[in-house]
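Peer 1: Now for the letters of each chain:
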Amino acid sequence: MAKELKLLKGNQAIAEAAIRCGCDGYFGYPITPQSEVLEHLMAERPYLTTGMVVLQAESEAASINMVYGGAATGKKVMTSSSSPGISLMQEGLSYIAGAELPALCVNVVRGGPGLGTIQPSQSDYFQTTKGGGHGDYRLITLAPASVQEMYDFVKLGFDLAFKYRNPAIILSDGVIGQVMEKVEVDDYIPRRTNEEIAKECPWAAMGKPASRGHNIVTSLELEALKQEKINDRIQAKYRECEEKEARHEAIHCDDAEYIFVAYGSAARICQKAVELARAEGIKVGLIRPITLWPFPTKAIREIGGRMKKILSVEMSAGQMIEDIKLAVDCKVPVEHFGRYGGVIPTPIEVLEALKKLINK
Amino acid sequence: MAFKGALVIDTEKCKGCAVCITGCPNKCIALSKKVNAKGYNYLELVDENACVGCASCAVICPDGVIEVYRVKE
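From first to last, the protein sequence lines stand for chains P and H. Position one of the first sequence corresponds to residue 1 (our numbering), numbered consecutively onward. Position one of the second sequence corresponds to residue 361 (our numbering), numbered consecutively onward.
Just chain P, with the same shape it has in the complex (with noise of 0.2 Å):
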């Protein structure tokens, strides 16, 4: 049977994912581009139907630390923001990775650093990828380069959450946040039940019954060696995550001499700027990370080791670069091309660069 299709903005998909999922609460704050993930929650009014809080918090702090509160009980929770608005999440997003909790977060980047502008960007791979927050954890990253993307991310990023008691973030951008294109939506799933939560989560802050001792929800632990051994079991997840969960699309790579890398928005541009380099005759392909953490090291290193070059493509001065120099252990010559500051690249100024690449 057909699935039931959407016309949406990015951020709207986002809102009618979480609601579709069993989302049990959202909690955040409105920044340009991404209050209609807030204000789309807020006009479906899913706390009449499925029962989902929806909360405008009186800051984004506040927001994760409901986020942190309502992952304490096992719940399905989330928040949304953008740029300096996920730079106040940060001490938040350690604490949840730190006590070992599923949420997930989603950040709509815009051009910085600072206030910068409201036009898009992806200038906190940084930021999302290397830890915004402080401490050894990492946030398992999706990037989407499309609507339906917005919306399948949301369901997988919390079943990654939940699946490695860890954070997850959709690291979007102001153009897929904006843009409207067709959805498939699912039929609702319906939230938990108490009792699907006491089996799915045993570690939840749940009011203590007779049959276990105290969940005991925190990220402190005072006695440094049995911090080491926390961050061990930590460190564990992170490895599995990495074998198991690295996700990519690979365009056009098989007979290519040369490969684009790029995700989100950028990357549609280099799919238009593969083929405006085809029709020249320059066999070009694109490698699209759709997890950036875990990176698909194994398929750049498989892909791009053959290449004769590589061109990153990002709407920032270079922070993807270095990992995809990281893949192919510096032996294939990886440059950068970028417009940064909220000014996205043209399909033609994308040919460019990398036409001044292949005659260096």
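Among the hints, erroneous ones may be present.
[Unchecked claim] Heads up, simulated PhoX-like pairs for lysine-lysine below, C-alpha to C-alpha not over 25 Å straight-line:
| hint | chain 1 | residue 1 | chain 2 | residue 2 |
| --- | --- | --- | --- | --- |
| 1 | P | Lys6 | H | Lys375 |
| 2 | P | Lys237 | P | Lys272 |
| 3 | H | Lys364 | H | Lys398 |
| 4 | P | Lys325 | P | Lys356 |
| 5 | H | Lys373 | P | Lys182 |
| 6 | P | Lys6 | P | Lys130 |
| 7 | P | Lys6 | H | Lys373 |
| 8 | P | Lys226 | P | Lys237 |
| 9 | H | Lys375 | H | Lys398 |
| 10 | P | Lys182 | H | Lys387 |
| 11 | H | Lys364 | H | Lys387 |
| 12 | P | Lys325 | P | Lys309 |
[To be verified] What follows is a list of derived Cβ distance ranges for each label pair:
| hint | chain 1 | residue 1 | chain 2 | residue 2 | range |
| --- | --- | --- | --- | --- | --- |
| 13 | P | Glu242 | H | Gly424 | 39 to 45 Å |
| 14 | H | Val419 | P | Tyr188 | 49 to 55 Å |
| 15 | H | Gly424 | P | Ala198 | 52 to 58 Å |
| 16 | H | Gly424 | P | Tyr188 | 20 to 26 Å |
[What the hints assert, rightly or not] Not close to chain H: a few residues of chain P, all C-beta gaps over 12 Å, as computed:
| hint | residue |
| --- | --- |
| 17 | Lys9 |
| 18 | Pro33 |
| 19 | Asn65 |
Honestly, the hints are just simulated from the structure, not real lab data. Every residue gets a Cβ at the ideal spot worked out from N, C-alpha and C, and that includes glycine.
Please build the complex by placing chain H on the supplied structure of chain P, with the hints as guidance.
Peer 2: Quick look at chain H alone, frame taken from chain P:
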């Protein structure tokens, strides 16, 4: 074979971002001097003879505010 176009604009939803104006090939749309209930200068069709119903404005609008109608001439 040319088309003649006409627009129906949801002026209360329009936020005056003007992305549509950069997309229009014939310069037939502009932001009004008037504002809607939210205080935004909304979009207006200022040269209806120039509109060919290409729908570039509608496609690029981030809020789906524009409906495009066209007839063959």
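Peer 1: Now look at each hint and say whether the structure bears it out.
Peer 2: Hint check results:
1. Between Lys6(P) and Lys375(H) the CA atoms are separated by roughly 22 Å; this keeps the pair inside 25 Å, and the hint holds.
2. For a cut-off of 25 Å, the pair hint linking Lys237(P) to Lys272(P) is broken: about 38 Å separates their Cα positions.
3. For the hint pairing Lys364(H) with Lys398(H), the CA-to-CA distance comes to about 32 Å; that exceeds 25 Å, so the pair is violated.
4. Restraint check for Lys325(P) and Lys356(P): the C-alpha separation of about 19 Å stays at or below 25 Å, so the hint holds.
5. A C-alpha spacing of about 20 Å is found between Lys373(H) and Lys182(P), which places the hinted pair at or below 25 Å, so the restraint holds.
6. Distance check on the hinted pair: Lys6(P) and Lys130(P) sit about 35 Å apart at the alpha-carbon level, beyond 25 Å; violated.
7. In summary, the hint linking Lys6(P) to Lys373(H) is supported, as the alpha carbons are separated by about 19 Å, within the 25 Å threshold.
8. Restraint check for Lys226(P) and Lys237(P): satisfied, since their Cα atoms lie roughly 17 Å apart, inside the 25 Å limit.
9. Note on Lys375(H) and Lys398(H): the hinted pairing holds, with a Cα-Cα distance of about 8 Å set against a maximum of 25 Å.
10. The suggested pairing of Lys182(P) with Lys387(H) is violated, with an alpha-carbon distance near 28 Å, which exceeds 25 Å.
11. Annotation: proposed proximity of Lys364(H) to Lys387(H) holds, straight-line Cα distance about 14 Å (limit 25 Å).
12. Restraint check: the Cα-Cα separation between Lys325(P) and Lys309(P) comes to about 11 Å, which is no more than 25 Å; the hinted pair holds.
13. Hint check: Glu242(P) to Gly424(H), Cβ distance near 40 Å, so the stated range 39 to 45 Å holds.
14. Checking the proposed 49 to 55 Å range against Val419(H) and Tyr188(P) shows it is violated: the Cβ atoms sit about 30 Å from each other.
15. Remark: the range hint 52 to 58 Å for Gly424(H) to Ala198(P) is contradicted by a beta-carbon distance near 43 Å.
16. Between Gly424(H) and Tyr188(P) the CB atoms are about 24 Å apart, so this pair conforms to the stated range of 20 to 26 Å.
17. Not every C-beta of chain H lies more than 12 Å from that of Lys9(P), the closest at about 6 Å, which undercuts listing it as non-interface.
18. Distance check on Pro33(P): its Cβ comes as close as 9 Å (rounded) to a Cβ of chain H, failing to clear the 12 Å threshold; non-interface status is violated.
19. At roughly 31 Å from the closest C-beta of chain H, the C-beta of Asn65(P) stays outside 12 Å, upholding its exclusion from the interface.
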